[in-house]
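Student: Chains as they are written, first to last, in the working numbering: chain A, 19 to 520; chain B, 181 to 425.
Be a bit skeptical, because a hint or two may be false.
With a straight-line Cα cutoff of 25 Å, these simulated DSS-like cross-link-like pairs (lysine-lysine) come out [unchecked claim]:
hint, chain 1, residue 1, chain 2, residue 2
1, A, K285, B, K306
2, B, K306, B, K193
3, A, K285, B, K305
4, B, K305, A, K178
Okay, the calculated bits of chain B under chain A, using three or more residues with CB under 8 Å as the criterion [unchecked claim]:
hint, region
5, 297-311
6, 332-340
7, 355-366
8, 402-410
FYI, nobody ran anything at the bench for these hints, they're computed from the structure.
Note that CB positions come from ideal geometry on N, CA and C, so glycine has one too.
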Amino acid sequence: MFKSLAPPDYLATIDTDKCIRCKRCIQNCGWSVYSWGGDRVLIDTMKCVKCLRCYHYCPVEAIQILDNPVKFKPNAYWSYNNIRNIKKQAETGGMPLTGMGSDLPYPILFDRLLLDACQVTNPSIDPLREPMELRTYLGKKPSKVEVERGEDGELRLKTKMPPQIRLEAPFIFSPMSFGSISLNAQKVLAMAAKECGIIMNTGEGGLHEDLLPYRDHIMVQVASGRFGVNPEYLNAGVAVEIKIGQGAKPGIGGHLPGEKIPLEVAKTRMIPVGTDALSPAPQHDIYSIEDLRQLIYAIKEATNYKPVSVKIATVHNVAAIASGIVRAGADIVYLDGFRGGTGAAPTIIRDHLGIPIEHAVAAVDDRLRQEGIRNEASIVAAGGIRSSADAAKAIALGADAVAIGTAALITMGCTVCGKCYTGNCSWGITTQRPELTARLDPEVYAERLVNLIHAWAHELREILGALGINAVESLRGSRERLRGVGLDDQTLDILGVKPAGR
Amino acid sequence: MYEIDAKGMYYRKLNELVRKAVGDGEKEILLKNVNGQYYIGDGIREKVKIIIEGVPGNDLAAFMDGPTIIVKDNAQDNIGNTMNSGKVVVHGHAGDVLGYGMRGGKLHVRGDVGYRVGIHMKGLKKQIPVIISGGTAGDFLGEYMAGGILILLGLDEKRDRPLVGDYIGTGMHGGSIFIRGDVDKTRCGAEVGVMEPDDKDMKTIRECLKEFCEDFALDLEEIMKKPFKKLVPVSARPYGNLYAY
């Protein structure tokens, strides 16, 4: 049988002396790397994706997943992936697909920005002693408010506030559709969102009825495929999001392979079982900014004026696009950066289109302030937020809140192997196979995700305290609290940030 | 019949009044002097009847789930956007992007329809959306169709544009399009097969057209005399071979 000319990425190995023939590796691997050979475990290392499930579940630590040393000769220009993709394309004529965010070594601005801290001249605040305000409201804010004194002598707000979404901390969960991830994974997100007082997003796969109890913490999404969208759906959550684009695949549509569409997913999306679920590249009823405004208000009319969010991928003129979106009536602008994740995208699109979130959020915040409309919409920054430090820096660059996708999945066991599109996720996250999804116990994993949010919230409080401020609002857009290290003048100018030392 | 004079009324006010009437239990509402107001019928779920005198604006019956809307004149773009159930009858021509993501219900247009009609219509079991046009259609008819029924009749033999445009059914992976007349295969998407309707199809067409003819006082037998062509996806997975795993 002709072997692929691309050597395997990984070598799955078992120390046969340690192996007790419990067969847990065979049972656990979603990609069928292991099989029983009568008296020992057989290994088809070509199939291994290094998800590390077998490694974690081997009771005697007999398994090692090594990066294959037999790759191509080391080459600073022709990387393993460059060569491998060419061979794979020669063999199949197809476009290589991938999952998760881009893993290429483009510059990471978060790792070139440092936050300030207070010393001597202005004191820091101890978050263990003094209250820190992390609460954030997403929504349109009026440019001024009027107060009046009521008959009881008390002051009251006279201006009618537009609808707001209340978050107990400036974190939300990124949209991940039912279909791209399992129902159990969505339950983890919903339960954690409710527990932490934040929100999750259904993505474009519709809203499964099991998630209805969490509706006060759910934003529903309307994307180009309009999957699962009916008036009940629109009114089910606290807000509606129109998905124009996604950071991992700017400008192209979505494609959920037929393998990941069993009956439940097909029912929720209203398409035939086993068909590929296609979301067209543009929304074919939005061909201009005026069309977008029309859809935003169509949704507002259908939901009695709930907040409407518009999600875009960050591309070259994201500032102008965001300005148009705000003027079109959006209450929230969701910016999905270059490093954003996905369940499936052509590798070539993921790795070469879009711009990083750091540049984008700075440019958008700047432009909206210049135009005097920054208060008309909240900005959510997403696309590779890896820690509370990334979140704090994104907020300092202008975001109201950040959205996390990959980080949330990592709490559920994900090791970012990037093979989500196969639907074989051994951790039960990006799969619909019942024997795999059963592994993801929603209660158990929701607790882990809640732990993460609480930990990040605490870290954020410490950061704020060190900065000498006691509300995350005071950090928003405060470029003065950031310094760049090893960044050129132009980038510093775009970010609106001084170099360290100045 | 509850009447609202929409003359010079901003769409937001008009729709508030319509919703209030529906909420108060009105079953038949007449809107007079309508002139381009947006979003009429948007998101309404009660089974009411709304009659529109004048030309309604874009996004008529968007996200609608139940009512019947009768338009006594032409209508504009985006009718029945993601409509879930209900019926819209237009005694005239209609515009572009009709029935985008439509999931149920019926849209009957007496005259011509524009471009990008019936994009990504979807259906499940008994919930099948139906769009019928008595005239011609522009490019991209039934693009990305995943379910539902699209019927194009071309009733007026004297027409100044072709029966149907180009790129018919591009990306189609479900549903059926029936065109009364001849269809050039080269104007269809690669995923589309042009074939003769069988007996079951003819029965479906007849059922759909019976109601259409009742709406517009047309002769069903006269219409059924001319043969139809059926357009369906020839592959459930037109893009199955696109990717390397």
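Student: State for each hint whether it applies.
Tutor: Hint check:
At most 25 Å may separate the alpha-carbon atoms for a hinted pair to count; A:K285 and B:K306 meet this at roughly 12 Å. Between the alpha carbons of B:K306 and B:K193 the distance comes to roughly 36 Å, so the proposed pair goes past 25 Å and is violated. Between the alpha carbons of A:K285 and B:K305 the distance comes to roughly 10 Å, so the proposed pair stays at or under 25 Å and holds. Between B:K305 and A:K178, the direct Cα distance comes to roughly 45 Å. Violation of the 25 Å bound is thereby established for this hinted pair.
Residue count for the region 297-311 of chain B with a Cβ under 8 Å from a Cβ of chain A: 6. That meets the three needed, and the coverage hint holds. Here the region 332-340 of chain B counts 0 residues with a CB under 8 Å from a CB of chain A, which misses the bar of 3, and the coverage is violated. Counting residues of the region 355-366 of chain B whose CB lies closer than 8 Å to any CB of chain A gives 0, which falls below the minimum of 3, so the coverage claim is violated. Only when three residues or more bring their CB closer than 8 Å to a CB of chain A does the claim for the region 402-410 of chain B stand; here the count is 0, and the claim is violated.
Hint violations for this structure: numbers 2, 4, 6, 7 and 8, all remaining hints satisfied.
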